[in-house]
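**Student:** Residue numbers (my numbering), protein chains in the order written: chain G, 1 to 117; chain V, 118 to 535.
Please note that the accuracy of each hint is not assured.
Said to hold, decoys possible - Below, simulated DSSO-like cross-link-like pairs (lysine-lysine); rule was C-alpha separation at most 30 Å, straight line: (1) K75/G with K271/V; (2) K58/G with K260/V; (3) K86/G with K295/V; (4) K86/G with K260/V; (5) K58/G with K297/V; (6) K35/G with K484/V; (7) K271/V with K295/V; (8) K58/G with K120/V; (9) K295/V with K380/V; (10) K260/V with K75/G; (11) K77/G with K484/V; (12) K501/V with K35/G; (13) K325/V with K35/G; (14) K34/G with K271/V; (15) K271/V with K41/G; (16) K226/V with K120/V; (17) K325/V with K75/G; (18) K501/V with K77/G; (19) K449/V with K77/G.
In case anyone wonders, no lab produced these hints; they're calculated from the structure. All figures in this text were calculated on a predicted structure; none of them were measured in a lab.
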Amino acid sequence: MQRELTCINCPMGCQLSVTLEGGDVKNVEGATCKKGIDYAKVECTNPTRIVTSTIRLKGAPLCALPVKTEAPIPKGKIAECMQALKGIEISAPVSIGAIIIENICGTGINIIATRGI
Amino acid sequence: MKKVDVAIIGGGPAGLAAAIGAKRRGIENIIIIEREANLGGILNQCIHNGFGLHTFSEELTGPEYASRYIDEIKKEGIPFLLDTTVLDVTPDKKIIAVNSSGLIELEAKAVILAMGCRERPRGALNIPGTRPAGIYTAGTAQKFVNIDGYLPGKEAVILGSGDIGLIMARRLTLEGAKVKAVIELMPYSGGLKRNIVQCLDDYGIPLKLSHTITEIKGNERVTGVTVSKVDEKLLPIPGTEEYIPCDTILLSVGLIPENELSKNAGAMLSNITGGPTVNESLQTSTEGVFACGNVLHVHDLVDFVSEESMRAGESAALYVLGEQAATQAAIKLEPAGGVRYTVPSTIDPGNIKDKIDIRFRVGNVYKNKYIAAYFDGQLELRRKRLVMAPGEMETISFPKEVFDKYPGTGTITMTIEG
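With the rest of the complex left out, here is chain V (with noise of 0.2 Å):
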């Protein structure tokens, strides 16, 4: 069985992120195994610009952001397979992988898990309804459009307001085709402002806040939605059903981590992220088993992916180097009210170097509110945001020394108050 030292599951922006962590922090013997044809993972079929302003200040595009780290993969020289699918990881890194040439056994040291995630799909949504054509995930859509150059129809609805359906609205509307409306459970969307006014708003999309789509028609093909207003419990109100003809309906309603692999890998899942849990250094609870990017939690934006990404590679080669700090006592991060999970959530501030990003998000949108950090009840941070939304993953940074003012700190309690 082949051996190496850090073994990389996904070659998108994650394990791109990861493998050059791992090589910067002196691990040589690094695998990257890739389910498709080519590295960089999603970002290929995100065409679209935005990508890479924090962590490079311009704004690129999704296939650009990828080669930048491509290039940087090949340059340091860190193996790669690629049209190879990982079909086990397991608890002592011992990894099953087939590819067109064979079943491939590794036994790796430690395990970085980069899988990304997974679109929630239309089985997952309950719409009644006929099951006809023309139904897609918008992922899928922008697939069949950026990679494989076909318009998937010429009247589209959009169910969902996170930022690939918007995305879609746009570049349906660039290709020729009509996107009658893009409809919204909540009374907020779900994706970024600047993609509501860029891809909405600049070509007059309607957005139907509190709607869903109560009833789709066609047998062969999808003729029309019906879509009807929600109460505050988000249920359909009787009497507002509006008809909207349509050949094409795109689902973006959520993004599911991919962790059947993780489970194998025997790493314990959070049933808020449906990602592993993982502590400051970002190992799962399995020794040796690493997460990064959306197979983590789902991100907003791919830079902070990388930057993550970046940690776990370092973190992994720590561990196979030996170099871990002893783990003293964990401090359990605690997430409470509007505050709905945080990553990590433990610390051992023995790993800590300089400062430690708690990443989050919140359950509502707030206005005018303070996150707030106690340690162990004693009140340590404070900080104002004129606005927090579900849409935008928060970060709070604690230095190291914070960690020192309270030794023995049982559990840091983040909450959201004033």
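The shape of chain G in the complex, shown without the other chains (with noise of 0.2 Å):
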């Protein structure tokens, strides 16, 4: 199978062509530099992100609290993660950093606040 891919390291932004033989990457075509490859390679293979969203705030001038995952979660796992983040609410105060949601969607990463109110 052949997967295109623009490479974000740099302002560059080679186009990438891999090739994927039962989920392993077995060639990467475009790269103009090292970083490239592994770049095709883990959103090939274990493609991440930081999940930034808001929710719910009660008892503050703001309505809305900031919040992310600690880490990034698994690309697919994005749509179930946001699902679960609507209905969430709280009531200020909270501090930056403080969890929110532990573990979310069995991901094993928390979910917490980015600012304090």
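Both chains are sitting in their own frames, so use the hints and assemble them into the complex.
**Tutor:** Written out as structure tokens, the structure reads:
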């Protein structure tokens, strides 16, 4: 299987052609440096992202509390994670870095507050 | 009239770092004046991650990045006024501000302009069509979603591929809206590569380069847009129209430094950046008035804003303490051949400590070209770049010794060649 990617390591934005065989990266073409090859491997085998969003906040002038996953979670879990954050409500005060939800969607990663209010 | 040593207009990333810079150089009598209810400026609504990679070697969200500086301000005991709008700054550094307790008059030995920038609005674009509800700048939509907790619409088209537009494409998608397309007039995006990949490609949002909105439809509320392809002269090509139904249009079509106060202070403005012209100390054409951050020129990365603003704070401190070098004949920096502008635009080598960073933007996408610097016509520096783009700010550093090599230089020409 072929996959086309744009490398994000620098403004060059190399167009990478990745050859996959049974989920393993067999070949990466188009990278002008090693970073591109590493990026392609991670993106094609275990892509992860930090998810940032907001949850409802009560008892403060601000209505939304910004939160994030403490570490990157698998890309495939983003939608599930967003769904889990819906309907969550918290009351001020909240301190920055406070754990809001433990082990979000079974990822082993916590949702934490990114602002103290 | 209350007297202060350094007054800082704006409590965003630039103002906070400038205050810390001034304090570290021994200034005690500082005031930060902020018009919003919180310090931190635009960072408070930039809840996405990616801030601080250069400064802290970690990926912070906007509020987290801001809190590092706000904590420092509080630890240092630097005074600040919130909910206070500066109305005027005079060339002799008198400041008039207003808040709920009335009018405030201040006299400052040095002023640091750190007011940031504004988004270019619809009115500046001449898009034909009706004037319905549902048209917002990307930053306004960002505030609705991230601060106020409202989704501005269900089906959006984003005009312009600046970073805020890209970030909002992802944000709206995550919150359940459908982003139909991002429309970009130029043949390249004005946003960072990483944002194109992680905000558009990740969610299958199409980026239509060399396209523009040629009509907005809808009476009460936006009902759709007509999008057309443009030619090399950026003019719409008849027959390429495509109708996209939507209820919301976000504009991410450029940022304009907010310099009304700078003008009052007598600072000369660059017609390229829209910000003041400054020397190596980030001092404007008005003595004792300094500028930093997005009010000076629009940055891509907050890390560079902080670094630049820290220097502005230090320079203001040296000015107040009378420790700035006597002005030697300043060297003029001349942008040429693809370099649109430089910050600073003049250099007094006497005020350079170890090195000076020259920041600039190029006017086009260049691959495998060189950045070159000529000291009165003599080639001093030639640096290869695999790629340069208008959306990515460039930096070239000159060590202090370079200036000793060329005494009496009148002009340094910065150009793209090869």
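**Student:** Now, for every hint given, state plainly whether the structure supports it.
**Tutor:** Do the hints match the structure? See the list:
no. : hint               : verdict
1   : K75/G with K271/V  : 23 Å, holds
2   : K58/G with K260/V  : 18 Å, holds
3   : K86/G with K295/V  : 17 Å, holds
4   : K86/G with K260/V  : 19 Å, holds
5   : K58/G with K297/V  : 33 Å, violated
6   : K35/G with K484/V  : 19 Å, holds
7   : K271/V with K295/V : 6 Å, holds
8   : K58/G with K120/V  : 41 Å, violated
9   : K295/V with K380/V : 42 Å, violated
10  : K260/V with K75/G  : 26 Å, holds
11  : K77/G with K484/V  : 37 Å, violated
12  : K501/V with K35/G  : 19 Å, holds
13  : K325/V with K35/G  : 28 Å, holds
14  : K34/G with K271/V  : 41 Å, violated
15  : K271/V with K41/G  : 35 Å, violated
16  : K226/V with K120/V : 8 Å, holds
17  : K325/V with K75/G  : 25 Å, holds
18  : K501/V with K77/G  : 41 Å, violated
19  : K449/V with K77/G  : 54 Å, violated
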